[in-house]
Amino acid sequence: MPKSRIRKKADFTPPPEKTTPVKLKSGRGWVAPLMLALFLVGLAWIVVFYVTQGSFPIEQLGNWNIAVGFGFIAGGFVVSTQWK
298 MPKSRIRKKA DFTPPPEKTT PVKLKSGRGW VAPLMLALFL VGLAWIVVFY VTQGSFPIEQ
358 LGNWNIAVGF GFIAGGFVVS TQWK
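In the working numbering, each residue carries its 1-based index in the sequence shown increased by 297.
Keep in mind that the hints were calculated from the coordinates and are not lab data. One should not assume that every hint holds.
What follows is a set of in silico ranges between Cβ atoms, one per label pair, in the way DEER data are often shown [as the list claims (entries may be wrong)]:
(1) 348 / 368: 26 to 34 Å
(2) 379 / 304: 25 to 33 Å
(3) 334 / 358: 15 to 23 Å
(4) 359 / 380: 32 to 40 Å
Fair warning: this is a prediction, and the values are worked out from it, not measured in the lab. Backbone N, C-alpha and C fix where the C-beta goes; we use that ideal spot for every residue, glycine too.
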């Protein structure tokens, strides 16, 4: 009976290195400062309204000044959805 041919094993070749793609800056550096600014403006609006007993920021709005302050804060939350 003839002998079978001996197969030579190939030399070990390590797998290619995984290269991670370079992440580019997203260009959303304006989001965090704007978000914080809206939060602070809304908070300051409400605090000024309470401290001045309704005389400032806009006396004609009356208690709607609270809604304006919360509107600024809500705007901050809307902007925060753009943060990555």
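A quick look at each hint next to the structure:
Between residue 348 and residue 368 the beta carbon distance is about 19 Å. The supplied range of 26 to 34 Å is therefore violated. A hinted range of 25 to 33 Å for the beta carbons of residue 379 and residue 304 is inconsistent with their spacing of about 60 Å. In this structure, residue 334 and residue 358 meet the distance hint of 15 to 23 Å, their C-beta atoms being roughly 21 Å apart. Taking the beta carbon of each, residue 359 and residue 380 are about 34 Å apart, inside 32 to 40 Å as hinted.
Consistency with the previously given hints fails for numbers 1, 2, ordered from lowest to highest.
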